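**Student:** Sequence:
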Amino acid sequence: MQFVTTVFLTDVPLFILTIIVLASKLLHDYEF
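Residues 1 to 32 in this note's numbering are what the sequence shown spells out, letter by letter.
Quick caveat, the hints were computed from the structure, so don't treat them as lab data.
Keep in mind that this is a model prediction, so the values were computed, not measured.
Even for Gly, the Cβ is constructed at its ideal location relative to N, Cα and C.
Among the hints, erroneous ones may be present.
Computed spacing ranges between beta-carbons, pair by pair [claimed, not checked]:
id, residue 1, residue 2, range
1, E31, D11, 22 to 32 Å
2, F8, D29, 23 to 33 Å
3, Q2, E31, 30 to 40 Å
The calculated lysine to any residue pairs, modelled on SDA-like cross-linking and capped at a C-alpha distance of 20 Å, are [as the list claims (entries may be wrong)]:
id, residue 1, residue 2
4, K25, L9
5, K25, L14
6, K25, P13
Please construct the entire structure, taking both the sequences and the accompanying hints into account.
**Tutor:** Following this line, the structure appears as structure tokens:
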């Protein structure tokens, strides 16, 4: 279970970070 916990803890922040970056890119692309 240690491996699963480690992967989860490292992947989730990366996933959230990717979403934030993509969202900010979209906001910049479609600024009014």
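**Student:** Work down the list of hints and note, for each, if the structure agrees.
**Tutor:** Hints versus structure:
1. E31 - D11: 22 to 32 Å: holds, 31 Å
2. F8 - D29: 23 to 33 Å: holds, 31 Å
3. Q2 - E31: 30 to 40 Å: Violated: the Cβ-Cβ distance is about 45 Å, outside 30 to 40 Å.
4. K25 - L9: violated, 25 Å
5. K25 - L14: OK: K25 and L14 at ~16 Å, within 20 Å.
6. K25 - P13: Distance ~18 Å between K25 and P13 Cα, so the pair holds.
Of the hints listed earlier, those the structure fails to meet are numbers 3 and 4, in rising order.
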